[in-house]
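Colleague: Here are the chains, one letter per residue:
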Amino acid sequence: MRIGVDVGGTNTDAVIMDGRNLIAAIKSPTTENVSDGIVAAISTVLQQSGVSKNQIASVMIGTTQFTNAFVERKNLLPVGVFRIALPATKSLRPMVDWPEEIRQNIGDASYLLRGGYHYDGRANVPFDEKGVMEAVRDMKRRGLKTAAVTAMFSPVNDDLEIRTEEIIRNEIPDAKVTLSSRIGRIGLLERENTAIMNACLAEMATRVVQSFSKALKDLNIQAPFFISQNDGTLMQAADVEKYPVLTFASGPTNSMRGAAFLSGLKEALVADIGGTTTDIGMLSGGFPRESSVTVDIGGVRTNFRMPDILALGLGGGSHVVPEGSGVKVGPRSVGYQLLQKGMVFGGNVLTATDIAVACGYADIGDRSKLSGLPSALADKARARIHAIVAEGVDRMKTSADPVPLILVGGGSVLIHDDIPGTSEVIIPENAGVANAIGASIAQVSGEVDRVYSYETKGREAAIDEARKEAIKAAIAAGADAQTVEVTDIEEVPLAYVPGGAVRLRLKVTGDLQLATPGAI
Amino acid sequence: MKLAIEDLVDLARGAALLGTGGGGDPYIGRLMAQEAIRECGMPEIVELEDVPDDAQVFTSAMLGAPSVLIEKIASGDDVETSVRKLEERLGRRADFITPIEIGGCNSMIPIVAAARMGIPLVNADGMGRAFPELQMVTFNVYGVSATPLAMVDENLSSVVIETNSAKAAEDFARVNAVQMGLSVMISCYPMRGHELKKTGVPGTLTMALNIGRAIAEGRKSGNPAESLIAFLKTNPYYGRCKILFTGKITDLRRDTSRGFTIGECTLQAIDAQDVMKITFQNENLVAKMNGRTVAIVPDLICIMDSETAEPITTEALKYGQRVSVVGMSAAPVMRTPEALSVFGPSCFGLKEEFTPIEILHGDIVGAEGVNV
Numbered sequence: 001m002r003i004g005v006d007v008g009g010t011n012t013d014a015v016i017m018d019g020r021n022l023i024a025a026i027k028s029p030t031t032e033n034v035s036d037g038i039v040a041a042i043s044t045v046l047q048q049s050g051v052s053k054n055q056i057a058s059v060m061i062g063t064t065q066f067t068n069a070f071v072e073r074k075n076l077l078p079v080g081v082f083r084i085a086l087p088a089t090k091s092l093r094p095m096v097d098w099p100e101e102i103r104q105n106i107g108d109a110s111y112l113l114r115g116g117y118h119y120d121g122r123a124n125v126p127f128d129e130k131g132v133m134e135a136v137r138d139m140k141r142r143g144l145k146t147a148a149v150t151a152m153f154s155p156v157n158d159d160l161e162i163r164t165e166e167i168i169r170n171e172i173p174d175a176k177v178t179l180s181s182r183i184g185r186i187g188l189l190e191r192e193n194t195a196i197m198n199a200c201l202a203e204m205a206t207r208v209v210q211s212f213s214k215a216l217k218d219l220n221i222q223a224p225f226f227i228s229q230n231d232g233t234l235m236q237a238a239d240v241e242k243y244p245v246l247t248f249a250s251g252p253t254n255s256m257r258g259a260a261f262l263s264g265l266k267e268a269l270v271a272d273i274g275g276t277t278t279d280i281g282m283l284s285g286g287f288p289r290e291s292s293v294t295v296d297i298g299g300v301r302t303n304f305r306m307p308d309i310l311a312l313g314l315g316g317g318s319h320v321v322p323e324g325s326g327v328k329v330g331p332r333s334v335g336y337q338l339l340q341k342g343m344v345f346g347g348n349v350l351t352a353t354d355i356a357v358a359c360g361y362a363d364i365g366d367r368s369k370l371s372g373l374p375s376a377l378a379d380k381a382r383a384r385i386h387a388i389v390a391e392g393v394d395r396m397k398t399s400a401d402p403v404p405l406i407l408v409g410g411g412s413v414l415i416h417d418d419i420p421g422t423s424e425v426i427i428p429e430n431a432g433v434a435n436a437i438g439a440s441i442a443q444v445s446g447e448v449d450r451v452y453s454y455e456t457k458g459r460e461a462a463i464d465e466a467r468k469e470a471i472k473a474a475i476a477a478g479a480d481a482q483t484v485e486v487t488d489i490e491e492v493p494l495a496y497v498p499g500g501a502v503r504l505r506l507k508v509t510g511d512l513q514l515a516t517p518g519a520i
Numbered sequence: 001m002k003l004a005i006e007d008l009v010d011l012a013r014g015a016a017l018l019g020t021g022g023g024g025d026p027y028i029g030r031l032m033a034q035e036a037i038r039e040c041g042m043p044e045i046v047e048l049e050d051v052p053d054d055a056q057v058f059t060s061a062m063l064g065a066p067s068v069l070i071e072k073i074a075s076g077d078d079v080e081t082s083v084r085k086l087e088e089r090l091g092r093r094a095d096f097i098t099p100i101e102i103g104g105c106n107s108m109i110p111i112v113a114a115a116r117m118g119i120p121l122v123n124a125d126g127m128g129r130a131f132p133e134l135q136m137v138t139f140n141v142y143g144v145s146a147t148p149l150a151m152v153d154e155n156l157s158s159v160v161i162e163t164n165s166a167k168a169a170e171d172f173a174r175v176n177a178v179q180m181g182l183s184v185m186i187s188c189y190p191m192r193g194h195e196l197k198k199t200g201v202p203g204t205l206t207m208a209l210n211i212g213r214a215i216a217e218g219r220k221s222g223n224p225a226e227s228l229i230a231f232l233k234t235n236p237y238y239g240r241c242k243i244l245f246t247g248k249i250t251d252l253r254r255d256t257s258r259g260f261t262i263g264e265c266t267l268q269a270i271d272a273q274d275v276m277k278i279t280f281q282n283e284n285l286v287a288k289m290n291g292r293t294v295a296i297v298p299d300l301i302c303i304m305d306s307e308t309a310e311p312i313t314t315e316a317l318k319y320g321q322r323v324s325v326v327g328m329s330a331a332p333v334m335r336t337p338e339a340l341s342v343f344g345p346s347c348f349g350l351k352e353e354f355t356p357i358e359i360l361h362g363d364i365v366g367a368e369g370v371n372v
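So the sequence lines, in the order shown, correspond to chains A and B. For the first sequence, position 138 matches number 138 in the numbering used here, and the numbering has no gaps at all. For the second sequence, position 355 matches number 355 in the numbering used here, and the numbering has no gaps at all.
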């Protein structure tokens with residue numbers, strides 16, 4: 001059996017899963033010290049189920065702590081910023097477009113050095129290795145322990161970043177080094193931003209991982225733990241310490257993965273309706289589709305791989321206000337105070353939840369409190385709520401064909417009618433804890449992202465080589481070799497490059513190999 | 001005209017709109033301009049009519065793939081050096097810098113050049129929009145030679161090109177750009193003040209800024225698209241304008257070949273059966289509603305977010321986006337027979353003739369009080 005935990009802004013949810021069966025689920029409040037909340041949630045769910053600790057084969061945790069820390073500028077380390085691109089890029093210093101107060105947290109140890117590649121992999125100028133050594137010594141003098149390394153066109157060839165890491169480690173053996181090519185794509189400024197963001201969270205990442213392992217130790221759980229990442233697969237603790245930014249969007253991803261699991265569907269839209277917002281995403285092959293554009297996090301532009309999520313201002317606590325001849329629903333919300341402020345709970349704010357009750361398709365609170373509500377207003381609000389979701393669904397679809405819509409989250413009671421553009425609307429059982437269930441789905445991945453010359457190597461051979469390498473990476477991450485399969489292939493011809501150069505991204509996914517048989 | 005560092009965001013937005021889908025996202029260019037101004041001060045901006053007839057005017061621009069510029073960001077020295085190389089070749093100093101292309105990223109590079117060199121920037125350009133090739137410029141149409149043309153990469157390696165025609169200059173420059181890493185800084189169309197007055201499109205820097213501002217102000221009052229149209233109607237070039245369509249993107253075909261993004265975007269109206277198709281080659285070329293042409297190059301066709309009026313580049317179009325399509329007239333110098341022979345529909349392989357937007361639509365009248 002395994003435990004899935006989702007640490008959200010309001011609630012920490014925990015589930016126990018036995019294979020595909022949900023054994024127990026609880027919601028408890030998220031605490032200031034996150035691991036206290038995790039300990040409380042896990043103890044409760046164990047107690048409730050009567051499952052013994054030694055039956056637990058693994059623990060999977062989804063957390064938004066790192067995102068919050070960055071956005072709130074908490075616990076950020078000063079970073080040694082290495083950019084290997086001169087003489088190109090000289091016009092824009094690192095962090096040029098960051099909000100001033102975060103930039104101050106990161107400090108001014110920026111080292112711009114000669115080197116880097118062209119779009120087609122040709123070296124631009126000789127690599128200034130001596131300059132890197134001097135920079136590292138300066139970094140050491142300043143007492144910095146974390147570095148972000150970005151080289152021009154490193155997604156095409158990463159060897160300069162790797163060499164720079166070696167030089168840093170020779171001088172500062174315990175340094176934490178982030179390589180931009182591991183997390184970002186073409187777009188030097190955005191990729192460098194992401195690397196710096198990751199580097200400044202290094203200390204916190206170590207602490208969080210330690211606190212998780214301490215929490216489990218305090219609970220006397222011997223099983224290994226994993227943390228869920230943006231693409232819905234698991235990371236081992238050691239990888240989270242290295243690349244905490246890869247957990248930034250695990251919240252919405254987990255609820256989408258949970259929705260896929262609960263409904264048994266792999267191609268569908270998912271709407272996670274909470275108290276204040278609705279996140280809509282598209283499942284493709286059981287995983288969230290990725291965003292292709294830059295994403296702003298805490299005022300910083302990034303381009304790493306995030307699920308493509310549309311957030312709408314609709315939730316169970318959304319204010320419902322008559323406006324002219326129509327009605328406005330959201331984005332203002334009573335949020336977690338729904339149980340005090342909603343009319344069916346004896347409050348005096350008309351919310352989206354009250355509308356679902358008034359229209360007779362939700363049975364929550366005291367319906368008699370709504371006796372004064374004009375039915376025309378309720379009907380209009382009902383239509384508006386459905387229209388908001390319908391528009392979001394329409395925006396997220398990739399083609400005009402109807403697809404199923406899976407509703408999860410506490411606010412899924414708001415939807416009762418058909419949504420145009422969908423083939424069916426599904427609210428699976430246990431939709432309220434889809435996120436913790438999503439976290440508990442034990443899959444790991446391996447990925448290769450590289451430029452190949454199809455003309456010299458041949459397409460088949462290139463894909464085969466990439467697949468073998470990706471499988472190796474997945475097994476190293478803990479995958480059961482028997483279950484590994486290719487889940488994503490993306491080929492982008494480099495239009496301006498002669499010689500059939502193609503950027504090939506290949507990802508494989510497999511079940512986590514666990515000590516206990518039949519644990520998945 | 002005076003420009004402040006805070007204006008660059010609005011200028012970039014206006015330039016993106018005038019880019020009509022192409023010209024590259026001005027984001028990197030805007031940051032470069034911002035940094036150059038921080039370091040060297042804001043360049044003086046001079047109206048075209050105030051440029052002395054015998055003054056030396058040089059252009060400044062980036063040539064290559066905008067998708068490479070976002071990785072191989074310019075050094076800054078390369079921007080300045082391209083102008084210097086041209087000065088060396090001609091044996092005379094530049095007195096003024098003028099933009100060639102106000103749409104997209106090339107609205108910003110001339111600001112970098114003028115700031116770093118400490119010389120004034122002319123409030124004008126050579127098209128009042130964006131185009132994919134070097135010869136598609138009013139300077140060329142009305143007789144200014146594109147060459148000598150200097151191109152410089154970040155290593156300050158340079159090539160000076162001299163050709164008999166602007167089209168040949170384009171072909172030579174493109175080949176060299178590949179070897180130089182596909183993003184280079186150029187200076188070309190060296191001319192005298194009187195030539196720029198005869199061939200340039202005046203006032204376009206101010207116009208891009210004011211377009212960006214109109215959108216920003218419209219966002220405060222809740223209707224950026226209408227605010228934009230109200231502003232455009234007061235403009236002597238873009239004044240014959242209209243929101244041609246509002247709907248969602250239902251199909252998108254995009255191919256990259258010969259260094260261009262070529263394809264077609266299909267839009268469906270939200271509450272009606274109407275369908276719009278927009279054909280593009282980097283820039284949007286022709287918009288057809290239910291099969292009938294409603295705007296065609298060189299008139300401008302801009303796709304923007306229907307809520308925020310944020311312009312959307314061709315590469316950033318996505319299925320499901322809610323967009324508004326704005327059509328607007330090009331400047332009169334862009335619509336003459338000579339101009340149409342250089343950047344009219346046939347130059348992009350389109351079979352139909354150019355018809356001005358105000359002829360295609362009975363309900364577009366010249367802006368009140370504006371002589372077009």
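Calculated directly from the structure, the hints in this document are not laboratory data. Among the hints, a few may not be true.
To be verified - Here are the simulated BS3-like pairs of lysine-lysine, each with C-alpha atoms no more than 25 Å apart in a straight line: (1) B:Lys197 x B:Lys248; (2) A:Lys145 x A:Lys74; (3) B:Lys351 x B:Lys277; (4) A:Lys140 x A:Lys130; (5) A:Lys266 x B:Lys288; (6) B:Lys248 x A:Lys328; (7) A:Lys328 x B:Lys277; (8) A:Lys457 x A:Lys468; (9) A:Lys266 x A:Lys328.
Colleague: All hints are to be evaluated individually against the structure, with a verdict given for each.
Modeller: Here is how each hint holds up against the structure:
1. B:Lys197 x B:Lys248: violated, 42 Å
2. A:Lys145 x A:Lys74: holds, 17 Å
3. B:Lys351 x B:Lys277: With Cα atoms ~16 Å apart, B:Lys351 and B:Lys277 stay inside 25 Å; holds.
4. A:Lys140 x A:Lys130: Roughly 15 Å between the alpha carbons, so the hint for A:Lys140 and A:Lys130 holds.
5. A:Lys266 x B:Lys288: violated, 37 Å
6. B:Lys248 x A:Lys328: holds, 23 Å
7. A:Lys328 x B:Lys277: violated, 33 Å
8. A:Lys457 x A:Lys468: holds, 15 Å
9. A:Lys266 x A:Lys328: violated, 34 Å
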